[in-house]
Amino acid sequence: MIELSPILVTLKLATITTLILLLIGTPLAWWLSNTSSKSKVFIESIVALPLVLPPTVLGFYLLLALSPDGFIGHLWSYISNTPLSFSFAGLVIGSVIYSMPFVVQPLQASFEMVGKPLQQAAYTLGASSFDTFKNIVLPLSKRGFLVAITLGFAHTVGEFGVVLMIGGNIPEVTQVLSIIIYDHVEVLEYTQAHYYSIGLLVFSFIVLFITYSLNRKLMVRI
Amino acid sequence: MIEVNYKHKLNNFLLDVSFTIPKTGITVLFGPSGSGKTSVLNLMSGLRNDEDKENNSKFILNNRVIDDSVHRIRIEPWFRNIAYVFQDHRLFPHMNTKENILFGYKRCNSTLKPDDLIKKFKIEELLGHYPEQLSGGQKQRVSMVRALLSQPELLILDEPLSALDYTSRQELLPYIENIHKELDIPIVYVSHDIKEVLRLADYILIMNKGKIVDQGDIADLCISQPLLTQEEGASFILEARVTKIIKEDKLVQLDCGETILITAESMQLNDKIRVLIHARDVSLCLSPPQDSSILNCVPICVEDLQTDENGKLRVIAKIGEQTIVSLISHRSARQLNIEKGKNMYAQFKATAMIK
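If you read the sequences in order, they're chains A and B. If you're matching positions, the first sequence starts at 1 in this note's numbering and goes up one per residue. If you're matching positions, the second sequence starts at 1 in this note's numbering and goes up one per residue.
The following block holds chain A by itself, in its conformation from the complex (with noise of 0.2 Å):
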């Protein structure tokens, strides 16, 4: 029957994965939102890429990468002598990264669209940037954080590809939903697979319906 070890990991997964990437993506949208340096476009392009690329090109990259010959497995077990791949940790920087468009994107959007006039505005009224950020350019950016705490958490319970070439599919560890979908689909076992996928599809259903009536424009864009 349904079990419930895949549920839990994926929830972990996302969970973690959006507060790392709202850690890492608000100061790097900030950036992007503000910065008139030639290096913009190729940040921007660099975290668009998940968005084209084929989730397993990514994966064959971050296996490399992960592996304990790879520069990011190499120094991980450096560190914390375990090896990196086909574990939680490896898991959650390859979803890091697929997912960190859409935490970025809406982040960015919404940073813009608070706009200079306003930050300069309290400039001259003696708050700092930071002063300014904090009072003014958050509060008015609660829309753009919600769109990406949820697209941003959505979007890595859906991810496949990624997990499927990093992650081993190993029960209780890094077996999350989508993989134990296609593992019963494997083996012929429909009906696990309809339990799963039905709560699956329902889930991203409701998060897209609330992301989009929230806001159009800080959707994803390529």
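Keep in mind that the hints were calculated from the coordinates and are not lab data. Values in this document were obtained by computation on a predicted structure and should not be read as measured data. Glycine included, C-beta positions come from ideal geometry on N, C-alpha and C. A portion of the hints provided could be inaccurate.
List of simulated lysine-lysine pairs, BS3-like, C-alpha gap at most 27 Å [said to hold, decoys possible]:
| id | chain 1 | residue 1 | chain 2 | residue 2 |
| --- | --- | --- | --- | --- |
| 1 | B | Lys106 | A | Lys142 |
| 2 | B | Lys58 | A | Lys116 |
| 3 | B | Lys106 | B | Lys23 |
| 4 | B | Lys120 | B | Lys272 |
| 5 | B | Lys7 | B | Lys272 |
| 6 | B | Lys98 | A | Lys142 |
| 7 | A | Lys116 | B | Lys98 |
| 8 | B | Lys9 | A | Lys38 |
| 9 | A | Lys134 | B | Lys98 |
| 10 | B | Lys7 | A | Lys116 |
If you only want the chain B side, here are some residues facing chain A, beta carbon under 10 Å, derived [to be verified]:
| id | residue |
| --- | --- |
| 11 | Gly25 |
| 12 | Gly46 |
| 13 | Leu47 |
| 14 | Phe79 |
| 15 | Arg80 |
| 16 | Ile82 |
| 17 | Leu91 |
| 18 | Met95 |
| 19 | Ser150 |
Dock chain B against the given chain A, drawing on the hints supplied.
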């Protein structure tokens, strides 16, 4: 002392300005749109874009160095203590009026009492409203209170009325006039609306294509600077007080040293106003005519004669303590034998531009 020097490359021309601002009163930065007025303000307030690297600056505000490119000094905008009222109100949409006006107040050691300004700008009723619930004029009033409560050393107003309709503008002008009467801070006011300028300005800087082309007191500049009044020949200003309102003729009687009549509506008794008169509308005569349609005829004393760029003669004379200018031909001058020190009469119609 407020000293401003900026050399700065803009997209299509070089901004090169150097001026001092009087410590009191309203200094108007006047010029056509695209002449670089807002760029000057953005440089002064520190809001210029970072990509504009090439520049040469020195800005001293009350003995405090704000910008000095030679010594690589650039004070961050939030430490400058220069408040800015923008063309678009720029109120924070997620804060109500009270939170908006206290934003700057909380961030400085202000000795002002918010209640005083709230009363003076008549925004008591609006304190709980959000910006989207306010009219254009109300927004700009709130925006002014917000700027003033940060107790700035310099207040910048960048065309604060240009986005408003005529009625709101008329309603707001007295508030701006009162700012410098009640709070003793220098004000830089940007405008390309001559009526606003005539009404508010004490000192004028005229800008064109990134340069200050002329500067001086309003009364002097009106005479010498056609760029200001956009009229051929000279114009002059008479400061006057309304002494009588003649409703049936749509006239007001003014005291400007002599008594004159001017076409005007919506004036109050004892209003202090400025009247702009074009020199070409003023004619001179040796004795007051008995049967003329022209209502105003005042005694004057000729002080100076100048030939202007079109070969016309500019007769500069005194009417009481004030200056009056008449533009006539050399021929007329010879016929009337006009010379310095001569007592004559000046005639002009009751129509004139009023602040």
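- Query: Among all the numbered hints in the text so far, which are the ones the structure does not match?
  - Reply: 5, 11
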